[in-house]
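Reassemble the complex: the two chains are provided individually, in unrelated frames, and hints are given to aid placement.
Chain order of the listed sequences is U and C. Numbers 1 to 322, taken from the numbering used here, label the letters of the first sequence in order. Numbers 1 to 338, taken from the numbering used here, label the letters of the second sequence in order.
No lab work stands behind these hints: they were computed from the structure. Fair warning: there could be bad hints in the mix.
Computed spacing ranges between beta-carbons, pair by pair [unchecked claim]:
{"no.": "1", "chain 1": "U", "residue 1": "Phe314", "chain 2": "C", "residue 2": "Leu197", "range": "52 to 60 angstroms"}
{"no.": "2", "chain 1": "U", "residue 1": "Asp182", "chain 2": "C", "residue 2": "Tyr314", "range": "43 to 51 angstroms"}
{"no.": "3", "chain 1": "C", "residue 1": "Ser18", "chain 2": "U", "residue 2": "Lys235", "range": "47 to 55 angstroms"}
{"no.": "4", "chain 1": "U", "residue 1": "Phe64", "chain 2": "C", "residue 2": "Leu54", "range": "36 to 44 angstroms"}
{"no.": "5", "chain 1": "C", "residue 1": "Val208", "chain 2": "U", "residue 2": "Pro210", "range": "46 to 54 angstroms"}
{"no.": "6", "chain 1": "U", "residue 1": "Lys235", "chain 2": "C", "residue 2": "Val136", "range": "52 to 60 angstroms"}
{"no.": "7", "chain 1": "U", "residue 1": "Pro210", "chain 2": "C", "residue 2": "Pro228", "range": "50 to 58 angstroms"}
{"no.": "8", "chain 1": "C", "residue 1": "Val327", "chain 2": "U", "residue 2": "Lys179", "range": "40 to 48 angstroms"}
{"no.": "9", "chain 1": "U", "residue 1": "Lys287", "chain 2": "C", "residue 2": "Phe45", "range": "57 to 65 angstroms"}
{"no.": "10", "chain 1": "C", "residue 1": "Ile321", "chain 2": "U", "residue 2": "Lys235", "range": "30 to 38 angstroms"}
{"no.": "11", "chain 1": "C", "residue 1": "Tyr314", "chain 2": "U", "residue 2": "Tyr291", "range": "34 to 42 angstroms"}
{"no.": "12", "chain 1": "U", "residue 1": "Lys144", "chain 2": "C", "residue 2": "Gly146", "range": "50 to 58 angstroms"}
Note that CB positions come from ideal geometry on N, CA and C, so glycine has one too.
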Amino acid sequence: MNKSGIGLVALLLVTGLAVRANEKPIIGLITKTDSNPFFVKMKQGAEQAANKDGATLMSAAGKFDGDNATQVTAIENMETAGAKTILITPSDTKAIVPAIEKARKSGVMVIALDTPTDPRNATDALFATNNFTAGELIGEYAKKAMGDKPVKIATLDLAPGITVGVLRHNGFLQGFGIKEGDPHIVCSQDTRGDQAKGQTAMENCLQKDPDINLVYTINEPAAFGAYQALKAAGKEKNVMVVSIDGGCPGVKAVQEGEIAATSQQYPLKMAAMGVNAGVQFAKDGKKASGYVDTGVNLITDKPESGVPSKSTKFGLAECWGG
Amino acid sequence: MATTVMNPEDGERTASRSIIHRLLEHLPPPASIGPAVALAVTCAFFATQSPRFLDGRNFSLILQQVLEVGVIGIGQTLVILTSGIDLACGLVMAFGSIVMTKFAVNLGLNSYLAIACGLLVCAGFGYLNGALVTFVKLPPFIVTLGTLNIAYALTQIYSKSQTVSGLTNTLLYFGNTFRIGRTDVTYGTVLMLVLYLMTWLVLRDTAVGRHIYAIGNNPEATRLMGIPTQGLLRRVYTLAGLFYGIAGLLLVARTGVGDPQAGQTDNLDSITAVVLGGTSLFGGRGSLLGTLVGALIVGVIRNGLTLMGVSSVYQILITGILVILAVMTDQLSRRNKG
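This is chain C alone, in the form it adopts within the complex (with noise of 0.2 angstroms):
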């Protein structure tokens, strides 16, 4: 245990601190526990109504299912935290997942150089929607409601709307197994796991991840301190582009196909995620983990209620009144803190 002296610049009284302290101090601060504490109490819940709930095959059949929302979350996250929105995320990652299925399969190309491309092009997509952002100055609902259609025309003209099969084993290798005790996990969710982390530490440990909070926060005082606002906007959609890339290659590889018709609800599935994961849609706070923890809510709400033989429609009541709820609860938080 540590004494320290006062730092008098700070004026702050920094006395001996518990390793209890110096933990806490790492955690994310109380109002992202808000959706945890959900997510717990959820699957509390199922579990008292299913016995089939708490199984570990269970819960890694939820993580894989909510792969795709998930890593697209990722990206659509990071563009709110800049109170941007991307509508293009799942269009963009559909038009990506066959560029990659159809060049290894059709055109013969080496699946490694395939998949490279598709992340290209989807990574391509996002800077097209950060330049019309920046350089044109263009709200990036209206901009990515183009670049959606945009994407969607591209990917049926390109696929003539017909799904990619006979995939190479590069192509499908994330949805392959490895054992953990009893359950089998594919390599598919540990990388989302691993890119959630990543991007976790980037945000909050970086000096770029402040600055992508501080453009959400206020855009014109960031610009003023002389942060290059324009620059790092476009690079946060394209690196969100590259999310939805890995999103598809993650989709081919769990569901064994190209699907030209993949993608079309994962916009607004996103944004639920990370509302529900208690990120402000008016940019400038929320945490990313919290996300992933609001993609496993809606994921676990549909499995649990599946193995309670409730009918599919109140999976999306449910998930409508606790989206109210969880933007309530950022509002409310809001005006408390100013």
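Chain U extracted, bound-state conformation (with noise of 0.2 angstroms):
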């Protein structure tokens, strides 16, 4: 080979490494749905980090929750993609770790986001709301709202086993202060998180016992539900309704009174940190671990003492899904 030879080959490893250099990380997202609001704002989280710290963003949903096969697919194909990083909601928190085992084998960094796959350490790292946290502390709430009246519970749950479900319900036991099985709590009734489930499992409940005064939810539309329900019997002024998420629509209704307090999570935060950690992982190869909780705020308009809270200004400055 001649000198200019050397020179052109020179020049093109010089040129290839500095476009190497530039290639913007690739980093996938996937969620448990498309619909959900929750995971609406979230992927606009991780777009709008992604712009910033100049990463290339895929994403990826399952068609519903429980949906594992969809996100399979999804790992997959994001890694053949070229995505080094993978920020994942795991629908079925079991049945998703052979892939993201297979993953984290190349070298992919998988983190988890909101819900934590089950074994947590299965991922890199788990960026989430500690959801007993969000649990206890409208348990608080409640205990101090509600004082010395003799109190008649029923809580609106999920649906069995699912570890979201289960955690806020446990959370909000242990703020109250009771034990499951306790026999202030009348009713407790399955809603799947829907609307319409809600609103039926609240009449159901009040027929059990008209006397109800306090209602844990575990979302805010289960709430909606129940509000309809105890506003058609009469009885939506003297019962306290909680609830846990923090959107919008939830923040609009505590500031209505319709719902007395709501934790907020805040799932653009967990994605901003997820595509921060994939962007400085692609930089100098340092992986995220370990659980960031990336807290949870009580809104409420009529706060307690002893029980931190800020009120529906700032949850409506802060809150997701228009």
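So this is what it looks like as structure tokens:
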């Protein structure tokens, strides 16, 4: 090879290296579904963070809550496409583990958002709301707010065995200071987080015991259904409804007095942290690890002493879901 | 009391018939009494378990709670009678309810017009199903599996997955109540019962109704008899779509919102009601009123177990067992007949 040839090769090498260095890191985001406003906000947050940090975002979602197969396929496709970090809200916390382990073996960093895998250390890291704490906050609030009044509690839950539902429910009980099976809990029914099913559950609970005066709800759609049932029975002024999520419709409901208090969580923050971690990993190979609590705030306009909370003004500024 | 002569054409001996016999002839056949008996037994059981069960208000509540599956069940029964099946029903309903609420609230359209648009859209989906089944000759299971997904996606896209609230009074009309004695009954409940009665009468007493059963029993023979089966099938699916739209309106009136996440379990729930009501999934036989009974059985179990303080998961267990029993009964009576 003559001198110009070596020069050309050297030039190509340097250019090639420069291009590699400027290549945007590819980060994948896989949510449970595309339709839950929580995940819509999460995706928005990830896109914003990716634009800011100079990363490329790939996204995918399951077709329904519990759709493991689509998430597995998405992991495989994203890995093939060159994603070095995958952020995932696992639909089936156990079944997704083999696919995650396979990706991690190939050097991909996998971070769970919002929901931990089972076992938790199947992912490199977890950025999530502490759902137990979220339940505890409204439990403590309800205990203080009810004061010395004799209390009859109804719990409107999610569905058997789903981690999020169990954690929030148990957190509420802990915060309120009672155990499962306490006689103050007069009714517990599942709602699948659906508004119409929440309404039916509340109607049937009220029929069982018309003196229910405190209602724990797994999320805000269930709370809306409960409120509708209470209103139809003329009881909406005397019954306290507490909930979790902090979506914009939910915070508005707190402002209007339909829900007494709600624990707000931050999907945008989860996504942004995940993207940051991915960019960091691409830069210096340092993986994120451990569990980072993305925080939860109690939102209410009627604060109780000893239970830290924020007003609905704060809640509306930070809420998700239009 | 009438005495009649023998009619040689029929070869039947019609002796003097008592009023009782004439009355019995108008009742549903014994095979469809089963579900009604099951409902009565279930109610009797819960009456013994909780003093709050046998209560006018409680029954009014149960009727309101089965409105969604009940009205969807009318459409589902019609489709199943023709040996078809409709998996898209609940999601079509959700799309219709989003259309009618968004048109009224966001576009400011006249409420009646908005409701009409919602119903039209649902009937349109029904026609699409029927067209794919008859023109392209695809199996209903596959067709409605596809339209299920299309309806769901369109709902999420159009609504941006947001619930629609701040509804007009017209949209909420069927949630209003009137008094019977000490019980409040919603207009929606009345509408559901009226729709069931009307559709039942059409199925039982008109030629069209008999043709629907005939298609389910033997489509080829029906066609050879000169009955335009393909056009009739399309009309059945379109009408079913219309019923899903009505269910959407009733749901909107009951919950007070347009919910894009509604209806996702309605396909299996309505099929459960149809099966529990004694209608055969193979088509050609069954009673529409049975579907209402089937829906009520599920609603009563859910209500009764809640009154007893039993966990939700047992409602699902018992429903599953009942479905198996109902299908077994249908199979056994098929064997006995033929």
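Here is how each hint holds up against the structure:
1. Phe314/U / Leu197/C: 52 to 60 angstroms: Holds - the Cβ-Cβ distance for Phe314/U and Leu197/C, about 54 angstroms, lies within 52 to 60 angstroms.
2. Asp182/U / Tyr314/C: 43 to 51 angstroms: 21 angstroms, violated
3. Ser18/C / Lys235/U: 47 to 55 angstroms: 53 angstroms, holds
4. Phe64/U / Leu54/C: 36 to 44 angstroms: About 39 angstroms separates the Cβ atoms of Phe64/U and Leu54/C, which means 36 to 44 angstroms holds.
5. Val208/C / Pro210/U: 46 to 54 angstroms: 47 angstroms, holds
6. Lys235/U / Val136/C: 52 to 60 angstroms: Given range 52 to 60 angstroms: holds, Cβ gap about 53 angstroms.
7. Pro210/U / Pro228/C: 50 to 58 angstroms: 56 angstroms, holds
8. Val327/C / Lys179/U: 40 to 48 angstroms: 42 angstroms, holds
9. Lys287/U / Phe45/C: 57 to 65 angstroms: At 59 angstroms between Cβs, range holds.
10. Ile321/C / Lys235/U: 30 to 38 angstroms: With Cβ atoms ~35 angstroms apart, the hint holds.
11. Tyr314/C / Tyr291/U: 34 to 42 angstroms: 35 angstroms, holds
12. Lys144/U / Gly146/C: 50 to 58 angstroms: 53 angstroms, holds
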